[in-house]
Amino acid sequence: MEQQLLGAFAAIVIGVGACALYYYAANAVLDLALPFRRGPQAVRNQKRAALIRPWLFLFPAILILGVYLVYPAIESLWLSFHGPSGENFVGVNNYVWAVNDDEFRQSIFNNVLWLLVVPALSTFFGLVIAFLTDRIWWGNIAKTLIFMPMAISFVGASVIWKFIYDYRSEGSTQIGLLNAIVQGLGGEPQAWITIPFWNNFFLMVILIWIQTGFAMVILSAALRGISEETIEAAIIDGAKGWQLFFYIMVPQIWGTIAVVWTTITITVLKVFDIVLAMTNGQWDTQVLANLMFDWMFRGGGDFGRGATIAIVIMVAVVPIMIWNIRRANAEMEGR
Amino acid sequence: MAAVGSRKSGGWLTHVMVLLIIVIWTVPTFGLFVSSIRDKDQLSVSGWWTALTTNESNATGRAAPPSEQEEVDGKFVISGNLFEEGQRGSVVSFGTRVQQPNEFEAGQTADLGDGVTLTVAADGDYQLVSDTAFEGSRGQRIFYRAALPPRFTLENYREVLSSAGIGQSFINSLTVTIPATIIPILIAAYAAYALAWMKFPGRALLLSIVVGLLVVPLQMSLIPLLKLYNGFGEIFGVPAKTYLGIWIAHTGFGLPLAIYLLRNYISGLPREIMESARVDGATDFDIFVKIVLPLSLPALASFSIFQFLWVWNDLLVAIVFLGAQNDQLVLTARLVNLLGSRGSNWEILTASAFITILVPLVVFLSLQRFLIRGLLAGSVKG
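Going down the list, the protein sequences come from chains A and B. Residues 1 to 335 in our numbering are what the first sequence spells out, letter by letter. Residues 1 to 382 in our numbering are what the second sequence spells out, letter by letter.
The hints are simulated quantities; they were obtained by calculation from the structure and are not laboratory data. The beta-carbon is built from N, C-alpha and C at its ideal position, and this holds for glycine as well. Treat the hints loosely; a few may be bogus.
To be verified - Residues from chain A that keep clear of chain B, each with C-beta distances beyond 10 Å, as calculated: (1) Ala50; (2) Phe81; (3) Phe124.
Said to hold, decoys possible - With the C-beta cut set under 10 Å, the calculated list includes, among others, these residues of chain B facing chain A: (4) Val27; (5) Thr50; (6) Leu112; (7) Phe143; (8) Asn172; (9) Thr175; (10) Lys199; (11) Phe200; (12) Ile259; (13) Ile291; (14) Leu295; (15) Ile319; (16) Leu361.
Hey, can you work out the whole structure from these sequences and the hints?
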């Protein structure tokens, strides 16, 4: 145990030390090779060094990004046209399989459901809570409490909510909060996460519970950034509470709302832990990310099908990616 | 000024609504915590919201076997107490058939036939009396309804830390998280400085790639990297699933955000400082180490918190790149395993889950300022 932690500590020292050493040494070598402080070619050397130096700074980052993100993306695309072990070319067979596979169709359906519900509700709740908490003196405490689930892992959150959805047969004491409330109101207790279709929503609640805090924090900052004049003018014109909110404030922060919405959309597309922990795709709750993980190992693993599902997730992300890049570029030109 | 006043002037309805939302948002976690410190027998038969009240529940006990009978005044007597030592509680009623634990009230004497009588007192003392000697090897079963006072204990935590393997997993999670949080920082900081303040062809393109990579789903990388790791392990005869492997993997997955956040921050540093340093003869390397790095500490802190929370809470990368052997499971992976194997033992699950979320909660509550600053730098613009 101590050995393991010592190993981790050594890794930090060695890892950070090696990085620091690389940057220091690479820089020193460049200075030696192209001396620019004196000598006949100082000016020319300085120009050359200025061309090379950025790449010395960037090299480790580019290497790691290349190996861990860029190369795999290309390789995944290549694998999606190949068989289980990635060797024989099978054309579009994997995609044909996917389109005809019931489980895949189910996953697409559920993913669309998630994409429609979770970003919308998280953003809406986040916006409303941001507005409300900005109007009371203990708003910051309230915000902290609502933001808190952000720190909890999806698996931890799944345990928390599985406990709430816990089901005991009728007649026995319910220890799950939801069934206790239902029974208290005279209803019949249910095994919530096993009811097809509706169970998707019980799983979504978990992600909404986590993401609302994120939406709230960002939108709250945006709301505070709204110029006082517009609000004053609206108040003088007689706007009150909710009118002020929906007609004056919300339209001014559409940009931020879109950012929050798309960020949560990306999270939803990757949702995996919650489904794995709650149902592992049983009772018609399968989603793409979990199906992909399943195919990575199912029957010794089918890398072709797994990669195909990954590509499908990626295709869904691409529009947001392009939008993000455009936005970032526009912003940089503004600087 | 009127506007500022109006912003803080929520009516009572606002207060009530926020209060209601907070209750909904915190009750799930609170319930988990309360459950984790309850006695496991009480936890399994009553809701956690009744934790402070005395619980009534049905129970089954067994009288001492006939071998322990005593002869008193010509009668044969078996006596004892239904409650285990150290357990406080009282018997409300009892019976001799499982369907009817309420047949007799505590203190009454039940006639079991054949001259046998059973008396159970409220404090759990029972007395079986018979005219003839008891026979057989097993004691009489007694069904009763017990009222148990609230009992809180750390027993669940003791159990999960040792026998359920949470203790080991906690160490594993630390082992994975700390290097995976610190190693990317330096790499990202250099890249961010180059992208912010150095001029070179291809800078805009590189920046666009980083922004694009921000949203590339992890799923795209899994299979190729798994193949790469397996191949690497085979060629060099080393295990494919190592801590070193997962540290670098997390570094790779965290780099786009790190570079993006740090570049945004570093490019906002005042130009005059850099230029006057350059006039004084400082190189880019000097400027970075002596000026940019110290000034960027808040941004570095923001990213560290992000990365720490993300790595600690990660499940997917851990189970793909660290394997499922018992001694290498991180907390999240262990929790998923427990959900499968101990799915109905809520005392195990609640205590394990609480240990899992404890560290991120502490980090979150103590460093929330930096986290929020990072979130805003990462996404609010336009």
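Against chain A, is B:Thr50 within 10 Å by beta-carbon distance?
-> Holds: closest Cβ of chain A sits about 9 Å from B:Thr50, inside 10 Å.
Against chain A, is B:Val27 within 10 Å by beta-carbon distance?
-> Nearest chain A Cβ about 7 Å off; hint holds.
Interface hint status, B:Phe200 versus chain A (Cβ within 10 Å) = Status holds, d = 4 Å.
Holds or violated: is the Cβ of A:Phe124 farther than 10 Å from all Cβ atoms of chain B?
-> With a cut-off of 10 Å, A:Phe124 remains clear of chain B, as the shortest Cβ separation is near 13 Å.
Restraint check, 10 Å cut-off on beta carbons, for B:Lys199 near chain A = 8 Å, holds
Against chain A, is B:Ile319 within 10 Å by beta-carbon distance?
-> Where the cut-off is 10 Å and the nearest Cβ of chain A is about 8 Å from B:Ile319, the hint holds.
Is the nearest Cβ of chain B still more than 10 Å from the Cβ of A:Phe81?
-> Fine: 13 Å to the nearest Cβ keeps A:Phe81 off the interface.
Interface exclusion of A:Ala50 relative to chain B, criterion Cβ beyond 10 Å | At roughly 8 Å from the nearest Cβ of chain B, A:Ala50 sits no farther out than 10 Å, so the non-interface label is violated.
With a cut-off of 10 Å on the beta carbons, see whether B:Asn172 makes it to chain A.
-> Cβ of B:Asn172 sits 7 Å from chain A, so the hint holds.
Hint validity - B:Leu361 Cβ closer than 10 Å to any chain A Cβ = 5 Å, holds
Given B:Ile259 as an interface hint, is the shortest Cβ-Cβ distance to chain A below 10 Å?
-> Holds - the Cβ of B:Ile259 comes within 10 Å of chain A, reaching about 6 Å at its closest.
Against chain A, run the beta carbon of B:Leu112 and see if the smallest gap drops under 10 Å.
-> At 28 Å from the nearest chain A Cβ, B:Leu112 fails the 10 Å test, so the hint is violated.
This entry does not satisfy hints 1, 6, 7, 13 and 14, going by the numbered hints stated previously.
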